[in-house]
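Enquirer: So the protein lines, in turn, are chains B and F. Counting from 1, one number per residue, gives the positions in the first sequence under my numbering. Counting from 1, one number per residue, gives the positions in the second sequence under my numbering.
Simulated from the structure, these hints should not be mistaken for lab results. The beta-carbon is built from N, C-alpha and C at its ideal position, and this holds for glycine as well. Heads up, some of the hints might be wrong.
Not the full set, but computed from the structure, chain F residues with beta-carbon under 8 Å of chain B [what the hints assert, rightly or not]:
#, residue
1, Gly31
2, Gln92
3, Arg93
4, Met94
5, Val153
6, Ala155
7, Ser159
8, Gly165
9, Pro168
10, Leu172
11, Leu175
12, Pro271
13, Leu276
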Amino acid sequence: MSASLKIWLAATLLTTGLGLAPAQAAPLRIAIGGAFTSIDPHFYNATPNHSVAMHVFDRLVDRAPDVSLKPGLALSWTPVSDTVWEFKLRPGVTWHDGKPFTADDVAFTYQRARNVPNSPGGFGGFLRAVKTVEVVDPLTLRIDTGEPAPNLPRELAFVPIVSRHVGETATTEDYNSGKAAIGTGPYKFVSQTPGDRVEFVRNDAWWGPKQDWDKVTLRMITNSGARVAAVLAGDVDIIDTPPVGDLEKLKADPRVAVATTEGLRVIYLALNSLEPGAATVTGNDGKPLPKNPLLDLKVRQALSIAINREGLADRIMQKTARPTGQWLPAGTYSYAKSVAVPANDPNKAKALLKEAGFPDGFKITLFTPNDRYPNDAATAQAVAQMWTRIGVKTAVETLPWSAYATRGGKQEFGAGLWGWGSPTGEAGYLLSNVLASNNPSKGLGVFNYGRYANPTLDAQIVQALATIDDGKREQLLVGAVETAAREVPIIPLFILDNAWVTRKGIVIDPRRDERTLALDARQAK
Amino acid sequence: MIAWFAQRLLQAFAVVLAMTVIVFVGVNVIGDPVAVLVPPDADQAERLRVVAAFGLDRPLWQQYLSFLGGAVRGDLGRSFVFNEPALRVILQRMPATLELALAAMLLSVVIGIPLGLYAGVRPNSPVAKTMMAGSILGFSLPSFWVGLLLIMVFAVQLSWLPAGGRGPTRELLGLQWSFLTLEGLRHLILPALNLALFKISLVMRLVRAETREIIPQDYIRTARAKGLGESAILRVHLLKNILIPVVTIVGLEFGSVIAFSVVTETIFAWPGMGKLIIDSINLLDRPMIVAYLMVIVVLFVVINLVVDLIYTALDPRVRLEN
Numbered sequence: 001m002s003a004s005l006k007i008w009l010a011a012t013l014l015t016t017g018l019g020l021a022p023a024q025a026a027p028l029r030i031a032i033g034g035a036f037t038s039i040d041p042h043f044y045n046a047t048p049n050h051s052v053a054m055h056v057f058d059r060l061v062d063r064a065p066d067v068s069l070k071p072g073l074a075l076s077w078t079p080v081s082d083t084v085w086e087f088k089l090r091p092g093v094t095w096h097d098g099k100p101f102t103a104d105d106v107a108f109t110y111q112r113a114r115n116v117p118n119s120p121g122g123f124g125g126f127l128r129a130v131k132t133v134e135v136v137d138p139l140t141l142r143i144d145t146g147e148p149a150p151n152l153p154r155e156l157a158f159v160p161i162v163s164r165h166v167g168e169t170a171t172t173e174d175y176n177s178g179k180a181a182i183g184t185g186p187y188k189f190v191s192q193t194p195g196d197r198v199e200f201v202r203n204d205a206w207w208g209p210k211q212d213w214d215k216v217t218l219r220m221i222t223n224s225g226a227r228v229a230a231v232l233a234g235d236v237d238i239i240d241t242p243p244v245g246d247l248e249k250l251k252a253d254p255r256v257a258v259a260t261t262e263g264l265r266v267i268y269l270a271l272n273s274l275e276p277g278a279a280t281v282t283g284n285d286g287k288p289l290p291k292n293p294l295l296d297l298k299v300r301q302a303l304s305i306a307i308n309r310e311g312l313a314d315r316i317m318q319k320t321a322r323p324t325g326q327w328l329p330a331g332t333y334s335y336a337k338s339v340a341v342p343a344n345d346p347n348k349a350k351a352l353l354k355e356a357g358f359p360d361g362f363k364i365t366l367f368t369p370n371d372r373y374p375n376d377a378a379t380a381q382a383v384a385q386m387w388t389r390i391g392v393k394t395a396v397e398t399l400p401w402s403a404y405a406t407r408g409g410k411q412e413f414g415a416g417l418w419g420w421g422s423p424t425g426e427a428g429y430l431l432s433n434v435l436a437s438n439n440p441s442k443g444l445g446v447f448n449y450g451r452y453a454n455p456t457l458d459a460q461i462v463q464a465l466a467t468i469d470d471g472k473r474e475q476l477l478v479g480a481v482e483t484a485a486r487e488v489p490i491i492p493l494f495i496l497d498n499a500w501v502t503r504k505g506i507v508i509d510p511r512r513d514e515r516t517l518a519l520d521a522r523q524a525k
Numbered sequence: 001m002i003a004w005f006a007q008r009l010l011q012a013f014a015v016v017l018a019m020t021v022i023v024f025v026g027v028n029v030i031g032d033p034v035a036v037l038v039p040p041d042a043d044q045a046e047r048l049r050v051v052a053a054f055g056l057d058r059p060l061w062q063q064y065l066s067f068l069g070g071a072v073r074g075d076l077g078r079s080f081v082f083n084e085p086a087l088r089v090i091l092q093r094m095p096a097t098l099e100l101a102l103a104a105m106l107l108s109v110v111i112g113i114p115l116g117l118y119a120g121v122r123p124n125s126p127v128a129k130t131m132m133a134g135s136i137l138g139f140s141l142p143s144f145w146v147g148l149l150l151i152m153v154f155a156v157q158l159s160w161l162p163a164g165g166r167g168p169t170r171e172l173l174g175l176q177w178s179f180l181t182l183e184g185l186r187h188l189i190l191p192a193l194n195l196a197l198f199k200i201s202l203v204m205r206l207v208r209a210e211t212r213e214i215i216p217q218d219y220i221r222t223a224r225a226k227g228l229g230e231s232a233i234l235r236v237h238l239l240k241n242i243l244i245p246v247v248t249i250v251g252l253e254f255g256s257v258i259a260f261s262v263v264t265e266t267i268f269a270w271p272g273m274g275k276l277i278i279d280s281i282n283l284l285d286r287p288m289i290v291a292y293l294m295v296i297v298v299l300f301v302v303i304n305l306v307v308d309l310i311y312t313a314l315d316p317r318v319r320l321e322n
């Protein structure tokens, strides 16, 4: 090779190298509607807090926007036995302060995350299965779960990893001040103004793909009108949860683009299954009925098929929700292809009521929060009209969430409208929390608001949750979903879409899990 | 003076104490913060841990007494949601709200008084009539609607001003203020104007009414008769006499702007205290609600004190002793 050729080669390499090296010096400004309360990643388990934490901290197991699992700080995870999982960690990862990341940091994290002082509900739930954490070597970790825990990798995808050397003495306030906000993630924490914004800069030493943004500002604008105005005015580049009524207009606006995906949150009706039932379920004369009609399968089926789900999704939700007879979007792990959206059939519903011994129907009050889910009260009103049409005279009572949650927890409602997100992206999460018989000591049916109880379904749920093999577990879960569709313990209505609005020129991958991350955004090519 | 002050202090103390009882009982009736705060998948042990950590497992009177004990030592409790002392969270937000409130009150006085004077002195001029008609709009248009309109016009359509948020801040007296930076001022204009619109109309109408009442009085006529210039009459004889009701109203309005500018703060995403109280009520963050309302009571007491002091400066006949 001649000297000139060498020089030419070197020069080419250098220039192409340089061509890539200067970072696109673009800042990204995001506005989210939820209120984040802390920089401490283990303080409060809520979507806005996760959105903030995921910029600074990594998880052992990561999730793609469609919530399928992918390697995070762990490169692989395998069950060694029914009760032990082994995680191989990513080599060469460093903390933002330059110290190396090791398995010991993970062991520390899993102990800290469940014991954050004064936490209003943190990460204990995700770590319930973790009995002991064994550090085999700096890059290998074994987690003993005591009993089979097939969902462990999915659950660990929620727990941000902090370091032992900073975290051991750090309090929540140290995270908020930035002193302890040291992660391994794609962005470094710069500052926060409580109730207003958090600022990040890119971490050039991150192990993942190079990020488009050198600076990220995450603002909170809780009023949806103000959020839309901010993106239209160009004050911010991305907003989440645009108001349902504005979507059509925004789609037509040349300044912005809308990205949507089917989410993981189902809106459903819970029916009171206690005996005696709720005081708000009565005969047509207003007197208590001898037996709670909601215990009759035919009545529940009638109430379900009396509802025109397409109409709700199309009109009330203005095409921002999709009708469903289960609770996960098609294509997700453990989605039951065999369960169709219950067809709307008022005549059959009337016939079923007659067979059940209620030819003239009965009276019921449908409770709903009015500040919790998009168009929650409007949905309840529409359902009430559909029920009244088949003879079940339905009154609607709306309550603010703070009062609604309290009364619902005391089984005061005959029928109530609820939403449930399946953050794990599999059917078992709703099954075990919402449909299993109420058994708090075992952590089952904690959110079974109607106190529905069905031993067959319980057995199916327990068996599925103890099966490690992914394929076999999916079959069992689908079986349980089918039972639920047959027995109608709850009446699923629709699954909410998640939507984001971006300035033209910026693309974001819409996430099923509602989080808003700079990692999913890039400049349009 | 000292006796008056001591009496005032005692009154304030009683008001604050009554407030804590009302708020404590009231907030307790609304709902269960644990049901709202605890994430859906928390198990029973987790719930019990949270209940114990918040001290909600004790009877209400015990919770109240331990709150009072803390309050005496300047500790108004710890926010459930932020895990920081409630008072600190409030004080962090206070400069944002204060500068917004001050800017709005300044606008209302600087614009409202001269316009009101003009309308009072020349009640029949077309300009005055137009102004009075305009002030009715200022009164009757709901501020959330005006706020959205301001954003649509000045931020979205014309792109002159930012749609919301607070600009960069600079430190003064240990607190962060945004009016010290140019970008901060630009952010301040729309929300301050939105908040001021109602107050401008209020001050204007008040000043006009007072002026109309005083102009025909004997001492004004005397002043005119002895050949005093019109501007001197306005400044010395008229303005001083109409200011007492104006100061009262401005003082009260100032308090309510600080405490309850929720709508404007929400629409303009202004990180002040008004938004804080609404968020806290929605999440049933009891220590925050109680601490906030106590701060507001103290604020009102202080404002009333200042108003009384201004009275004596304006009118030598007013004495502080009863």
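Enquirer: With reference to the structure, classify each hint as holding or not holding.
Expert: We went through each hint and held it up to the structure:
{"no.": "1", "hint": "Gly31", "result": "holds (4 Å)"}
{"no.": "2", "hint": "Gln92", "result": "holds (6 Å)"}
{"no.": "3", "hint": "Arg93", "result": "holds (6 Å)"}
{"no.": "4", "hint": "Met94", "result": "violated (12 Å)"}
{"no.": "5", "hint": "Val153", "result": "violated (11 Å)"}
{"no.": "6", "hint": "Ala155", "result": "holds (4 Å)"}
{"no.": "7", "hint": "Ser159", "result": "holds (6 Å)"}
{"no.": "8", "hint": "Gly165", "result": "holds (6 Å)"}
{"no.": "9", "hint": "Pro168", "result": "violated (10 Å)"}
{"no.": "10", "hint": "Leu172", "result": "violated (16 Å)"}
{"no.": "11", "hint": "Leu175", "result": "violated (13 Å)"}
{"no.": "12", "hint": "Pro271", "result": "holds (4 Å)"}
{"no.": "13", "hint": "Leu276", "result": "holds (6 Å)"}
Of the numbered hints listed earlier, those contradicted by the structure are 4, 5, 9, 10, 11.
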